[in-house]
Amino acid sequence: MASVVLSEAEKLYIVHGVQEDLRVDGRGCEDYRCAEVETDVVSNTSGSARVKLGETDILVGIKAEMGTPKLEKPDEGYLEFFVDCSSNSPELEGRGGEELGTDIANTLYRVFSCENSVDLKSLCINPKEHCWVLYVDVLLLECGGNIFDAISIAVKAALFNTRIPKVRVLEDEEGTKEIELSDDPYDCIRVNVDEVPCIVTLSKIGYRHVVDATLQEEACSLASLLISVTSKGAITSMKKVGKGSLDPESIFEMMETGQRVGKSLHIALQKILDEEENLGTSRPKVGFLG
Amino acid sequence: MAAVTMRLPAVRAPLDSSAPRGGEKHLVAPGDTITTDTGYMRCGQRRRRGGGGVARLRAVLRWPLSLRRGHGTYVEDEKLIASVAGVVERVNKLVCVRALKARYNGEIGDIVVGRITEVQQKRWKVETNSRLDSVLLLSSINLPGGELRRKSAEDELAMRDYLQEGDLISAEVQSIFADGAVSLHTRSLKYGKLGQGVLVQVSPSLVKRQKTHFHDLPCGASVILGNNGFIWIYPTPEQKDDEAGGYTANLEPVPLSDREVISRLRNCIVALVAHKMMLFDTSILYCYEASLPHQIKDILKPEVTEEIILEARQRLLDLEG
Chain A
1 MASVVLSEAE KLYIVHGVQE DLRVDGRGCE DYRCAEVETD VVSNTSGSAR
51 VKLGETDILV GIKAEMGTPK LEKPDEGYLE FFVDCSSNSP ELEGRGGEEL
101 GTDIANTLYR VFSCENSVDL KSLCINPKEH CWVLYVDVLL LECGGNIFDA
151 ISIAVKAALF NTRIPKVRVL EDEEGTKEIE LSDDPYDCIR VNVDEVPCIV
201 TLSKIGYRHV VDATLQEEAC SLASLLISVT SKGAITSMKK VGKGSLDPES
251 IFEMMETGQR VGKSLHIALQ KILDEEENLG TSRPKVGFLG
Chain B
1 MAAVTMRLPA VRAPLDSSAP RGGEKHLVAP GDTITTDTGY MRCGQRRRRG
51 GGGVARLRAV LRWPLSLRRG HGTYVEDEKL IASVAGVVER VNKLVCVRAL
101 KARYNGEIGD IVVGRITEVQ QKRWKVETNS RLDSVLLLSS INLPGGELRR
151 KSAEDELAMR DYLQEGDLIS AEVQSIFADG AVSLHTRSLK YGKLGQGVLV
201 QVSPSLVKRQ KTHFHDLPCG ASVILGNNGF IWIYPTPEQK DDEAGGYTAN
251 LEPVPLSDRE VISRLRNCIV ALVAHKMMLF DTSILYCYEA SLPHQIKDIL
301 KPEVTEEIIL EARQRLLDLE G
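Respectively, the protein sequence lines represent chains A and B. Counted the way the UniProt record's numbering counts, the first sequence spans residues 1 to 290. Counted the way the UniProt record's numbering counts, the second sequence spans residues 1 to 321.
Simulated from the structure, these hints should not be mistaken for laboratory data. If you're wondering where the values come from, they're calculated on a predicted model, not measured in any experiment. Ideal placement from N, C-alpha and C gives every residue a C-beta, glycine not left out. Careful, some of the hints might be misleading.
[Said to hold, decoys possible] Cross-link-like lysine-lysine pairs, in silico, DSS-like; alpha carbons within 27 angstroms at most: (1) B:Lys-301 to A:Lys-285; (2) B:Lys-301 to A:Lys-271; (3) B:Lys-93 to B:Lys-208; (4) A:Lys-285 to A:Lys-63; (5) A:Lys-240 to A:Lys-263; (6) A:Lys-177 to A:Lys-121; (7) B:Lys-208 to B:Lys-276; (8) A:Lys-121 to A:Lys-166; (9) B:Lys-151 to B:Lys-190; (10) B:Lys-125 to A:Lys-11; (11) B:Lys-25 to B:Lys-211; (12) A:Lys-263 to B:Lys-301; (13) B:Lys-122 to B:Lys-190; (14) B:Lys-190 to B:Lys-125; (15) A:Lys-11 to A:Lys-240; (16) A:Lys-285 to B:Lys-276; (17) A:Lys-11 to B:Lys-190; (18) A:Lys-239 to A:Lys-263.
[Said to hold, decoys possible] Here chain A is said to cover these stretches of chain B; the calculated rule only asks that three of the stretch's residues, wherever they fall, bring their Cβ under 8 angstroms from a Cβ of chain A: (19) 195-206; (20) 288-301.
Modelling step: build the complete structure from the supplied sequences, incorporating the hints.
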């Protein structure tokens, strides 16, 4: 992970600040940086979103392709995640970013492994034969701390934006099935994102924990807890990262904070996505050149 | 009590032509023509017959004789064109373009804030946002206690006790090597290792050159404006005694009131940088005073930033007269 080197005195300053609930940029321990969300930025995808959380910049594109269902779940579609970190810094180019990329992809698989997160049965076209596969590509444009949260927000926004074309299965006289795509480009099915979880990263700094750590704060924290929370506050998965240890008491506290913060995160994200949708075509497209 | 704010991205508004700006500068982008001065003289085409009958042709040179071109320019189709985005500077006949976003180019006498990246034999490598790592020689530092003595072998072995990897120092540029690397020295009690505080990294072109770069702001914190773009904000030390070049760091917790001032200053500097305003003590102070009605964490919201910057800009223009 891209990280900064800090002097001991700087680290001490940050730790003492967190203790007093005043971080370096004036935020409290449970405040997020201002986030910018925009969907439909990449034109040749089924759905896309770009999220800027402070310095962190994430781009997610989702492509819906037809494939065969998995053997153990013949009447469901599935999601495939791929994360690319090569554009972030020279040390992550080529092979260097592979480790980080697979780490993030595995975390996303785990977060979405819960059965109710995405309605996979709606992605089925023909049981055992055809289904929709959603290929989710995550591009890490800039790492400014807290990439997991930003990625999960972007994935949820991109899923909200995804339009999968409606197909009909026609059966021939001989029994061969044909798939017909509807002519109307706006005739499509949407993915229901009500149960899609978002990741909240809680970093332990000193005796307290903070949400949305910057790169400098991540350098001061020895252990972090990644919690994926749905909009109703249910925790779907949990993962501990970092080389330090966590007390079970503090894990309970962090889980409670994660649930609380996760609910606010979902409310804010849903509000902005609805606002964007209501603006419709009158929304000024900013994209990358705004 | 969590505060999560999300917004839709806003198109960056082009700077209003009626907005107050200080001084007219000739800004160019890569590819812009700087001048089409036509003071030409052909340097001529000569044919020389050397021994052996080989004919050599002297290259034809077309050169606008009245101008000499400097960095950031090139000649094409008898026009002088800029190759970087920046400000055109003319000194008599020399025309060059000083880039707006470039790495730090050291000049002798500059104050820099740097971070130690390596500890080598008899010197430290310091990162100062320049093309090459700067060098801090063991003979260029003040030892703890302020003593001036010849550095011995024990000092060489104990280098890491003075400055480790990751430490921040304030230093002055002593000389520049032939390859452009900068050699630093901390041979005064006001330079040395930095203690607790906050570092903000900005582009070097935004730091205004002034007589002094160490400021004790009246709001209750001190700031070092490094010429290399590293700004260091720290709580004003109470006693002004000679802390031996500051090798013994003060590790006591900084009081909350000082922390608020430092966080506010840090956000103000980030706001000034976002609007590409020059950083010097007065602009930072005006921005700080304009931000007092708002909460510290609100300063970075785009609408609040604009309001604060507008007020600060207006005050600066009134100051100029």
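Index of numbered hints that the structure contradicts, given in increasing order: Those not satisfied: there are none.
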